[in-house]
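Under this note's numbering, think of the first position of the sequence shown as -13, with each following residue one higher.
Among the hints, erroneous ones may be present.
FRET-style restraints, in silico, Cβ to Cβ [what the hints assert, rightly or not]:
1) 42 x 88: 30 to 36 Å
2) 91 x 44: 36 to 42 Å
3) 65 x 90: 41 to 47 Å
4) 50 x 16: 14 to 20 Å
5) 70 x 5: 24 to 30 Å
Everything labelled a hint here was simulated from the structure, so no lab data went into it.
Remember, it's a predicted structure, so these values are computed and weren't measured experimentally.
All residues carry an ideal CB built from backbone N, CA and C; glycine is no exception.
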Amino acid sequence: MKAHHHGHEHELEPEYGLPERLPMAEQIIWQGSPQWPDIFRQVFHARGLVAYFSLVALVQILFHYDAAQGWSSAMGQASWVVMPATLAIALFGAMAWLVAKTTVY
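All chains should be modelled from the sequences, with the hints used to inform the complete structure.
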């Protein structure tokens, strides 16, 4: 974790990430920001999201499988899952990035 000292959110604060200056006898020992991949995995449960859409796709493939048409036809019928999965993963990834960019500990 490292503190990001860029952006406009904290530029008017007297101490980076703090609403006011520290008392004279105090000092900052550590300051940091989370990394977005960690937030994506732990807060937004990226693995569970991928597992969910994988399960939906698998169920669709198994539901549409027909021995006469083969697996490729079933996979084509289940391909609609790709677009919402990609959109959901991208949106949660973007939210994780925004959270990491604006968080200071």
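These are the hints, each one checked on the structure:
1. 42 x 88: 30 to 36 Å: holds (32 Å)
2. 91 x 44: 36 to 42 Å: holds (40 Å)
3. 65 x 90: 41 to 47 Å: With Cβ atoms ~42 Å apart, the hint holds.
4. 50 x 16: 14 to 20 Å: violated (54 Å)
5. 70 x 5: 24 to 30 Å: Given range 24 to 30 Å: violated, Cβ gap about 41 Å.
Violated hints, in rising order: 4, 5; the structure is consistent with all others.
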